[in-house]
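Enquirer: Letter by letter, the chains look like this.
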Amino acid sequence: MCLTLGVDFGAYWATTLLKVMVVLGLIPAGAIILGYVFLLKMMSHMQSRLGPMEAGPHGSLQLVADGLKFIQKEDIFPERSDRFVFAAAPIVVLLSTFLLYIVIPAGPRLIIEDLDTGIFFALAVSSLSVLGILMAGWASANKYSLIGALRAAGQLIAYELPLVLAVVGVVIQAGTMSLQGIVMAQADGEIFGVGIIGNPFLLTQFIGFALFLVAAQAELTQAPFDMPVAESELVAGYMTEYTGFRFLFFFMGEFGTAFAFSAIGATLFLGGWYVPGVHGTLADVLGPLVLGAKIMLVAFFIFWFRFSYPRLREDQLQAFAWKFLIPLSLLNIAVTGVLKVAF
Amino acid sequence: MTVTTDWQKSAYIAGQAADARVNVELETEGMTLNLGPQHPATHGTLRIVVRLDGEQVVWAEPICGYMHRGYEKLCEVRTYPQVTTLINRIDWLGHFANEVPFILAAERLMGIEAPPRAQWIRTLFFEMARIANVSLFLGDMGIQLGAITPVFYAFRDREYVLNLMEAATGGRFHPNFDRLGGLKDDLPRGWVDECHGVMARVVSFCQEMEDLLMGNRIFQTRTRGIGVIPAAVGLEYGLSGANIRASGVDWDLRRDEDSPLAWKHCDWKVWTHPDGDSYARYWVRLQETRESARIITQLLDGLPSGSIQAKVPRIIKVPPGEAWCHTENPLGEMGYYVVSQGGRGPFRVKIRSASFNNISIVPWLLRGVYVPDVITILASLYFILGDIDR
Amino acid sequence: MPPIPGLLKGLGVTFRTMLKPAVTVQYPHVKEAPPTRARGVIALKEENCTVCMLCARECPDWCIYIEGYKDKAPPRREGGKPRTVQKLDRFDIDYSLCMYCGICVEVCPFDALFWSPEFEYSEVKIADLLHDKSKLGEWMETVPEPPALERGAEAKKGAKK
Chain D
3 MCLTLGVDFG AYWATTLLKV MVVLGLIPAG AIILGYVFLL KMMSHMQSRL
53 GPMEAGPHGS LQLVADGLKF IQKEDIFPER SDRFVFAAAP IVVLLSTFLL
103 YIVIPAGPRL IIEDLDTGIF FALAVSSLSV LGILMAGWAS ANKYSLIGAL
153 RAAGQLIAYE LPLVLAVVGV VIQAGTMSLQ GIVMAQADGE IFGVGIIGNP
203 FLLTQFIGFA LFLVAAQAEL TQAPFDMPVA ESELVAGYMT EYTGFRFLFF
253 FMGEFGTAFA FSAIGATLFL GGWYVPGVHG TLADVLGPLV LGAKIMLVAF
303 FIFWFRFSYP RLREDQLQAF AWKFLIPLSL LNIAVTGVLK VAF
Chain A
105 MTVTTDWQKS AYIAGQAADA RVNVELETEG MTLNLGPQHP ATHGTLRIVV
155 RLDGEQVVWA EPICGYMHRG YEKLCEVRTY PQVTTLINRI DWLGHFANEV
205 PFILAAERLM GIEAPPRAQW IRTLFFEMAR IANVSLFLGD MGIQLGAITP
255 VFYAFRDREY VLNLMEAATG GRFHPNFDRL GGLKDDLPRG WVDECHGVMA
305 RVVSFCQEME DLLMGNRIFQ TRTRGIGVIP AAVGLEYGLS GANIRASGVD
355 WDLRRDEDSP LAWKHCDWKV WTHPDGDSYA RYWVRLQETR ESARIITQLL
405 DGLPSGSIQA KVPRIIKVPP GEAWCHTENP LGEMGYYVVS QGGRGPFRVK
455 IRSASFNNIS IVPWLLRGVY VPDVITILAS LYFILGDIDR
Chain Y
305 MPPIPGLLKG LGVTFRTMLK PAVTVQYPHV KEAPPTRARG VIALKEENCT
355 VCMLCARECP DWCIYIEGYK DKAPPRREGG KPRTVQKLDR FDIDYSLCMY
405 CGICVEVCPF DALFWSPEFE YSEVKIADLL HDKSKLGEWM ETVPEPPALE
455 RGAEAKKGAK K
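Residue numbers (the working numbering), protein chains in the order written: chain D, 3 to 345; chain A, 105 to 494; chain Y, 305 to 465.
Think of the hints as simulated: they come from the structure by calculation, not from any bench.
Small disclaimer: the values here were computed from a predicted structure and weren't measured.
Careful: at least some of the hints might be erroneous.
Said to hold, decoys possible - With a Cα cut of at most 20 Å, we get these calculated SDA-like pairs of lysine to any residue: (1) Lys421/A - Leu434/Y; (2) Lys313/Y - Val307/A; (3) Lys43/D - Val307/A; (4) Lys145/D - Leu137/A; (5) Lys313/Y - Lys145/D; (6) Lys288/A - Arg193/A.
Stated by the list, open to error - Derived list of chain A stretches under chain Y, where covered just means 3 residues or more per stretch with a C-beta under 8 Å from a C-beta of chain Y: (7) 177 to 187; (8) 355 to 369.
C-beta atoms are modelled at their ideal positions from N, C-alpha and C, and glycine is treated no differently.
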């Protein structure tokens, strides 16, 4: 990446350090932006209220203040907990979020690492968070946390499948698993011979998009699939025993993953950083902004469902995944495959 | 350690006992779960102990009394106006409705009747208490099931009703407005028109709840068929109010009891539902809220003019006797059995509150139910702790 | 009932609410005026009080503390003997106990107690919630006129709040 930009930073380690810094900065930035716009403001206006208004203009610094508050809290370990696993669990969750950002393109040359198996890598890495959740539930030495973690694991594993199968339709249509390649396929594609706006896969893969949104909702444990977290009906789920900055890691992991999944959804179905008529260096500058706008759109849908729907019971959501979503996604793949060969 | 002190010995034994408890509790069979008394799902300090087998409830028992304030004892040592002030606080959401049966019982003992305008305005406030109480339920059921938005709409539209109460009585939550022989004061100017506007809002709020929650497939999956109460069982346990009407029993004290209040002057309907599950209880309460708005609109249009208070002596002394009076409160049937021995205050008051009988069905109802459904059922029965414990 | 239209209607409700302005009143930057009859604080008109102790007796919480003394007032007519009147030494209302029920205001036969909709008098120390005679007299400035009654109401003779 740096050589094509014409600047020689020198050693391999310098470029790697730069990439790490970018991602480490992106995670809290993405989490704060999503958290502020959707959780604080959009949710408030949907509920006929204003949300935080005191910290910063219109409450924009509220999450920063919350972050500082969490950092200065006491670091508590439950007495019987497995200390190493307890401390490692939020880091595992955050790690899976971190690895997701590596393959997301923000411009024709703005990608941390353009892997050939881009989307496959992203989905594989996002499943690491299940490990982190199980570790958190076990290490808390709290039977209710354990139940919450087991439910979360069951849910996340069940909804991995529709997520993956929904993406397969896009991969068939694009012909490549690399995310940059998928964006290019949408940019260069044509709709019935008209090539002005390219060919966003939303038009042909609308079922895939709907499946992706639903499965992403479940992967993020947002309502209507938030049974693991809304154990606060009974107790508080796998995150019960976490305080201070460890809880902050979970929170950043959740919103960072939401940001990343929205970015992946925007890339797969809405065309990513591509906007018609913009190429070259201008695309490198405008690309992140365009991607940001598309991320906001996808995240809007995710959070809109979260605030409007009650939650499904555990067995109901398993039935929904296995008996409805997976057959639908298999049907989607079959139809896409047939149409791809035919046209 | 070489020498163990007594303290160290007892600490060791306590540690072993704690370990033993944890080991027992880690068995999934017969795991005991303690809901409350501090809990977001119970409306106040109610403790429900359930024994689980995996995910299913095997045995449940509600333990109430954490909020017992000794109302019946308090009533023995207070005068009638003071008792009226206190009983506002039994069911704190349906404020005015708590005062009415007590005042009616005392008026029956005294042999006086309030003038028609007072009776109509009493009915008006009674129905407004019903709207204030039940609209909270409509939103609250949503949040117990995970929908975080409807409860804000409920609080927002309830504010208008509470503002009306404040404009007329001076208190949002505790109007303290009923007096022996009538009401404390008349309505301020412009109140009737404002009330019409608020009732239109209440009806549109009910429509919003219907669109947002009742029409929602997820809500229906979570509530249909959950917590079915057959009519016979409900009657045996003494259920009342919307809980029993949702099981198909057509019984409403506003229509079936001959009370001096003004319900017989209005054209209204009693809503029942044959299913008896949680969805039916929600449905019945939604229809009742709309019906209350209709009743209020009719009452406003037909309000008779006249005085607001009958002639009563300044120092109220109720002649000796006993009287029982019950009304259809928002939570169910509430009744007062007032025993007077001629003093300035009642000799003994027995308060029959609706929620106490409503939760008596909980042990029967929660058997064989999944843990998330426990929350759904408790939310749909809708009890207020002040009403249970008094 | 088919599932999808119901689900979409719910989304429509939240979306429409998002577009309408929020109903929040940002207290303390913006303050809403409470209604005229709102029971905020009790004010004392000292010259009307005859220390009859009815309010202290009727209060359910016994939060009114009254002490009085006898004084001589000038006779009504020339040549008569001086009258004995009761005057207030101490009249405290303890707002940490007060239930805001209004029984004291109602039973006062001499119109010495009034309701005022003022509510912003919270204190840091709970002892400061005991309002003495002078403070209760200050609240008299905030007592509004009683609102006009609705049509159809009978005007009370010698109306009291």
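Enquirer: Run every hint past the structure and note whether it holds.
Expert: Hints, verified against the model:
1. Restraint check for lysine 421/A and leucine 434/Y: not satisfied, since their Cα atoms lie roughly 33 Å apart, outside the 20 Å limit.
2. For the given pair, lysine 313/Y sits about 17 Å from valine 307/A by alpha-carbon distance, which is consistent with the 20 Å threshold.
3. For a cut-off of 20 Å, the pair hint linking lysine 43/D to valine 307/A is broken: about 28 Å separates their Cα positions.
4. Between lysine 145/D and leucine 137/A, the direct Cα distance comes to roughly 11 Å. Compliance with the 20 Å bound is thereby established for this hinted pair.
5. Restraint check for lysine 313/Y and lysine 145/D: not satisfied, since their Cα atoms lie roughly 39 Å apart, outside the 20 Å limit.
6. For the proposed pair lysine 288/A and arginine 193/A, the alpha carbon gap of about 18 Å is at most 20 Å, so the pair holds.
7. Judged by the Cβ-Cβ criterion of 8 Å, the region 177 to 187 of chain A is covered by chain Y as claimed, because 4 of its residues qualify and three suffice.
8. With a cut-off of 8 Å between beta carbons, the region 355 to 369 of chain A has 0 residues touching chain Y; three or more are needed, and the interface restraint is violated.
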